[in-house]
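Keeping the supplied structure of chain G fixed, place chains H and R upon it in accordance with the hints.
Residue numbers (our numbering), protein chains in the order written: chain G, 7 to 410; chain H, 7 to 410; chain R, 7 to 410.
Think of the hints as simulated: they come from the structure by calculation, not from any bench. All values reported here derive from a predicted model rather than from experimental measurement. Heads up, none of these hints are tricks.
No copy is singled out in the list; a pair is fine if it fits within one copy or between any two copies.
Calculated lysine to aspartate or glutamate pairs in the EDC-like style (CA-CA distance at most 16 Å, straight line):
| no. | residue 1 | residue 2 |
| --- | --- | --- |
| 1 | K199 | E331 |
| 2 | K87 | D27 |
| 3 | K361 | D227 |
| 4 | K102 | D25 |
| 5 | K102 | D27 |
| 6 | K361 | E331 |
Spelled out, the chains give:
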Amino acid sequence: MSGEKTVGVKPVFKKVLTDVDRGIYVESWEVSNEDFGLDGRWCIKKCRLRGGTSEGVDIITVDNGALSFTVIPTRGMGIWKGEFKGLPLGWESPVKSPVHPHYINLEARGGLGWLDGFNEWVVRCGLGSLGAPGIDTIIDNMGRRREVMLTLHGRIANIPASEVKCRVYLEPSVKLSVEGVVYERSMFGPNLKMTTEISTTPNSNTLKITDRIENLKSTPDEMQILYHCNYGVPLLEDGARLVAPFHKVAPRDERAAEGIESFDEFGPPESGFVEQVYFCKLVGDGRGYTKAALLNRDRTRAASISFSLSELPYFTVWKNTNSLEEGYVMGLEPGTSFPNHKSFERRMGRVVNLKPGETYEVTLELSAHVGAEEVRRLEDEIEGLMEGVETEIFRNPVEGFSPT
Amino acid sequence: MSGEKTVGVKPVFKKVLTDVDRGIYVESWEVSNEDFGLDGRWCIKKCRLRGGTSEGVDIITVDNGALSFTVIPTRGMGIWKGEFKGLPLGWESPVKSPVHPHYINLEARGGLGWLDGFNEWVVRCGLGSLGAPGIDTIIDNMGRRREVMLTLHGRIANIPASEVKCRVYLEPSVKLSVEGVVYERSMFGPNLKMTTEISTTPNSNTLKITDRIENLKSTPDEMQILYHCNYGVPLLEDGARLVAPFHKVAPRDERAAEGIESFDEFGPPESGFVEQVYFCKLVGDGRGYTKAALLNRDRTRAASISFSLSELPYFTVWKNTNSLEEGYVMGLEPGTSFPNHKSFERRMGRVVNLKPGETYEVTLELSAHVGAEEVRRLEDEIEGLMEGVETEIFRNPVEGFSPT
Amino acid sequence: MSGEKTVGVKPVFKKVLTDVDRGIYVESWEVSNEDFGLDGRWCIKKCRLRGGTSEGVDIITVDNGALSFTVIPTRGMGIWKGEFKGLPLGWESPVKSPVHPHYINLEARGGLGWLDGFNEWVVRCGLGSLGAPGIDTIIDNMGRRREVMLTLHGRIANIPASEVKCRVYLEPSVKLSVEGVVYERSMFGPNLKMTTEISTTPNSNTLKITDRIENLKSTPDEMQILYHCNYGVPLLEDGARLVAPFHKVAPRDERAAEGIESFDEFGPPESGFVEQVYFCKLVGDGRGYTKAALLNRDRTRAASISFSLSELPYFTVWKNTNSLEEGYVMGLEPGTSFPNHKSFERRMGRVVNLKPGETYEVTLELSAHVGAEEVRRLEDEIEGLMEGVETEIFRNPVEGFSPT
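Next comes chain G alone, as it looks inside the complex (with noise of 0.2 Å):
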């Protein structure tokens, strides 16, 4: 370890890695809490990966003791992987390690090279624009309308990092912290400004992302997040469930609607499966806040993510049991919206406007639940939200939720 510490007046510790502006690059670094004397069994570990498509992409490590993520400044702050007591968090994507954006042409395969690079846990789509690729239209340089394309999902996740700190809060309890900066931006295009902080405790099962999304400009301009949340196995597997206080659910498309009856269901890896997206409005407690579940068959082990609905007001849940070697995988995405094209969203008025200077903040927590009694709790308070509620299932593609 090397930094500054300042324990005592401020109990907290600091570590610039990534400053673009002050010429700060660290390649390795890591501390423990064997550092400040502590006890426990957690550790943050900065290294970079060498080689093949990977080669510079910088890797963030926090292990809690009980759960351990790796966030990937190189790729916009995503989250790689993660690991609660042994039960891994994440899926196995037919890439397999993480891609340099260097590597990555969003343009390529009609607005899809996205995929080239996509084997998160957690990625965020956005901030111009997320969902599916195609055509929009927008206003040049010369203030003409000029059609664009929009490449899948946007550009968030293949910006690397201008900052990057690590901080561990010493008082009044430990916490581990890793922030980063991210800017989206372009002369004449947007000019947005991410500033992350993923966080845990010690020996936590749960990690939170807080996101402040700042429009830089003088004018208004829209925005759009979505988190992919991610789960392959094992907690994905044939008779596992997906739990959430669920109000309205309809099928993206015909071939989403041929499973509707299961939506929440999920059955073993199927070679040649064809996802099928649910475009999903959830329940709040009294305060907005919500919860989605991922529960393994015999209900011992799960994942749930929580956030606010005034946030992230729109839910999609992707289904992707195709097989293993395809990347056998369902995702539960919270967003601003739903991942259809950027011109279907807004014209549903489900793209943000941020007024100049505004900031957008959303708060996502990711929790590994392990045990029949601490899943059965997941259950009941997600069953809570839900007291009163009737969930309306759509049959078929819904006016509004999808483009016809």
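Same frame as chain G, now just chains H and R:
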């Protein structure tokens, strides 16, 4: 300092910083007057930026004691920023630090990807093409006509130099020089070699760019170059004025026509301001040299550029007095053509044709002027060029200048 | 030298240079006969290029004492250049040094971006597609047909190897080998794993490429591969001749038809020469092996390639005797198909379908021949293959060979 010093016989000190063929690459280096036991306060400093989208960008800062400027070998030997006796030269783009070409996809956003890295004081547009993006027809490897996208302002600003060296001339007087070779080449494509020298002398207010662009093909080929010289605050301000020996001035489009009465005057930052572009023909002196300048409101500070009308016959003025956040900026743009789409400029006979082995040479001087006296002298000089010539100002776009 | 030497028990020395999964990357390394106390003059040398568009390109040069060649792990394990007893193997492209894939945008210039990095002696085209650029229809993640651009010659040459190792076999006799694993994969896309071994023996005139391409998907998938083996001066010269056991020869297009009479003869560099391409079926020996060679004018030097017609049944000849500046070059191109657009080759039944887990294996030998005697023997051998077979030469493009 380390390098091959050859004082005495050959009074020039040379340091090779990059040479792909010889496998030379120097990450950090500097030299100053002290290394030669000379008086003064000049130096040349080379370093590599780290982190974010600046990761791996090489920059070379030359400080002559009064004027300093930063060359970016990684971005085609453009000049990022400058400063003269405390006066900043350049502008504040929404894109804050130099962006590595790895992060630029010129094809993105309908061919506007160039804008994702646009923040230089002086950036070359070219060499195979420049100007607005759009479709052009090339002859492909099969000898067939093929429609291809020409992207905004071409490729040269996003190609790293293959050779970079610094030279310190000690006799007859000290000259500091940064030299680079940038190739814009492809199999079955253009093969243009640009050799540039960017130099200055101790305590001078001027830097000189000398570019030689050679067609390495065995057949004639087209070439375009335009020097996009950009100024923001503090020189650009409400009341700042552009001074140049205008012979003809025409608005590019309706939007520019709106402001034709005050095309040479600048207002304050104005959110939502849509750029206005003016196409001009300037008057030169007996040898064809001319000069254009931006003066601040109270005429105490100015920046000027000098060039030859035989080398750069077309002069474009870019007014983009948008908000500070959006990049409050104006551009002086001498070029071999106007920055319309290449197909239009070709039709107008304004695209250079280089014979096999032929070299096109351009010299451009950029100066800074501080003090009312000094600025007055500059104005007088430019007005002197206009003697006997009347400016013709077109109120509407002119056929042949802009596409109609 | 440093590595795991295991002389004695297992008479093979292995050095891992890159392994993404294990976090291994070796920047510089070499091994030679001296490290084993052996006679000879062979070595393997690994280094990383610096500067320009070659920045970060890894190259491995194998010198067997007579034949040397340079493998580029960063560019899909292609072979840049070779030399046999002073005879250069390869060609002089306008693109002078190996270009890092970071600088290649395959989508650029209407899908011709591949040409920006094309300068290898041996470059693989493939694996998901190869040949002329153009639109193809894929099934996207939603199970819908989507039109995408297939770019010239596919992706494999611009993907860095994820694993690179060198092996020196000491028994029964010395063999020098460079091995690499390159993945061409994407979520919802192809997932092809190419494992290559490129090997030679001390003082031999031959290098051997053994490629195994495995479909890692759970469903059948298409695969294409073509070995673009290119020769320029001094082998290629006015009077040089191509010798191969031609069964059928057809011009690709009208332009090639113009030169059908002398399709196997080469003229001097000719500025403005438009490429001529011939599609051929060759004859093999009893086991299906065949050989093609380029002979210099006075038949004292030659280069040959040997391969199996069951692995690479289609043979393309590329005549590009343009000026030296433009890349005076001819290509021997054995492939799983002709290099027409994939959609045409598919229609003709010439695209390989790999079952899940199936591997396609290709072995290709490249040899150099010096001395009239040696060249004569080579000619005799190739003529021997033709025994009893007559060559059918089509004067015009043939339906089924080229699109009409």
